[in-house]
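Residues per chain, in single letters:
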Amino acid sequence: MLTFSPHLLGGVYLGWSLGANDAANVFGTAVSSRMVRYPIAVALCALFIIAGAALEGRAGMATIAGLSAASISSATFAAVGAALSITLMTIMRIPSSTSQAVVGAIIGVGLVDGTAKFSGLGKVVICWIGTPIGALLLAALGYRAGAWLFNRLRLSMLVTDAVLRAALVVSGCYGAYALGANNVANVTGVYYASGLLTLDWSVWLGGLSIALGVLTYSKEVMLAVGRSIVKLDAYSALVVVLAEAATVHVYAMIGVPVSTSQAVIGAVLGVGLVKQATAVKFGAAGRMTLGWIATPLIAGLVAAAIHLFAHLRYVP
Amino acid sequence: MSLTNVFLRKQRHVQALIARYLDGWMACVRTFESAWETFLTQGRSDDFNFQVEQTHKAESHADDVRRLIARELYGKALLPESRADIHEMISRLDRLLGDAQRSLFDLKLQHIDLPEELKPLYQKLVTISVRCCVHLEKSVRLLFIDRVDADGVISANKEIDKAESEADFVQCQLVDRIFSADYDTANKILYREVGICLGRITDYSESAANYIMLLSIKHHI
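Read top to bottom, the protein sequences are chains A and B. Read in order, the letters of the first sequence are residues 6 to 321 in the working numbering. Read in order, the letters of the second sequence are residues 793 to 1013 in the working numbering.
Hints are computed from structural coordinates only; laboratory data are not their basis. Please note that the accuracy of each hint is not assured.
[Claimed, not checked] Cross-link-like lysine to aspartate or glutamate pairs, in silico, DMTMM-like; alpha carbons within 20 Å at most: (1) B:LYS1010 <-> A:GLU225; (2) B:LYS911 <-> B:ASP976; (3) B:LYS980 <-> B:GLU909; (4) B:LYS980 <-> B:ASP898; (5) A:LYS280 <-> B:ASP898.
[Stated by the list, open to error] Just some of the chain A residues that point at chain B, by a computed CB distance under 7 Å: (6) SER10; (7) SER37; (8) LEU154; (9) PHE155; (10) ARG157; (11) ALA172; (12) PHE314.
Predicted model, so just to flag it, every value in this text is computed and none were measured. Glycine residues also receive a C-beta, built at the ideal position from the N, C-alpha and C atoms.
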């Protein structure tokens, strides 16, 4: 049975921010290019995020728990610090990494109260680096393999249209599932580590919080993502989402929460390279890369500042 | 109803509308051909006037189907990119019917009587125009069948290209003969305009055929 604690609101807020920001990575290209309607996209996205979190979200909890032996209050400061950073990025319409914000915030709080553990950090950082590279390779190979298959089928314009539309919806659902499975640990991992939530409640509350963000505040970022990086045709959009989803899903199975935004950028670059890169706006991709570097630093500073502020005591 | 048909319901509907449009479009081309034949043999007879009316009706009918297709496309059937492609293709086909009809209206409304010695050249232009239309219709159907026949589209495109060059040659011959002869200047301009109008049908056919070939390449990933 879940016992309500106001501390959990920090996690719900973080989950909401994550959902609002990261739904763009799975349905953004399809919605912004009007291949799938927004209400259908968000409904499917929310449903599959909850399914992913509930069925495969447990592995990442241990990784997040391994970064800090946090108390309930420290967990809340980390969650709120990360959420504030993500909200800021969302308002600025910059897709950012929730995983990096959460890890940055945990480390920030851990450094202040002396509970930070760095043993698992190396694995997490390696996975962060591996995410865009893996997505890039998957997208480049997937684009070539899929194109070979499609061209052999010699489908007419109308049949190709139907197949791509259906595939975009299915890949978006898979992307949402992978997002839920991988990122739920970011939302409630700290509460699981602090003992406030059981493993089961962590995945359910985390999944529902992310879904809430998708349903209520994802439209602007979703449209911005699709339009700002590269003008994608339907087939390229499909390859990008599939490569991103497969990459994130692999890390969900390994148990390391990674950035879906980094996976999307990697996949877009992969498709861009196959298509001789003329369509990729490297400036936009570079701006987002800077955003990701800033995210863990800002989240760490914000979380540490909240922690310090909350522990200020008047000494006469 | 098979599973494929359920899956492709919207696409099948658009496909059926395009087929209906092509039927109407071809009917218009055929009445245009017979109207010209009648004119070249009988002049501006009642028969000719009737066939001009029939051409106009066929063109209006094709226009109605074109509007149905547009409504279906803007009712969110198909991906946005495909919608724009189909819309553009139909517009190009429609432009061609406009000139076919205009050539007949010019003859009827401006009371044009073509000189006997020029008629074989006009006849040639009409025959080439119709040949272009037949290849064009085939090309569009090849693009919209379930498994696209890119080779068929390319071969139809080549035929149209050849016919267009032939039409250009005939049109030059016609203009040269008109202005070498001793006709009234006003008539010379009228005769030339009718020839140019017929020549434009093959020009538009070539442009539409190129666009269709581009579509078949574009949808090849």
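Contradicted hints - numbers only = 1, 5, 6, 7, 8, 10, 11 and 12
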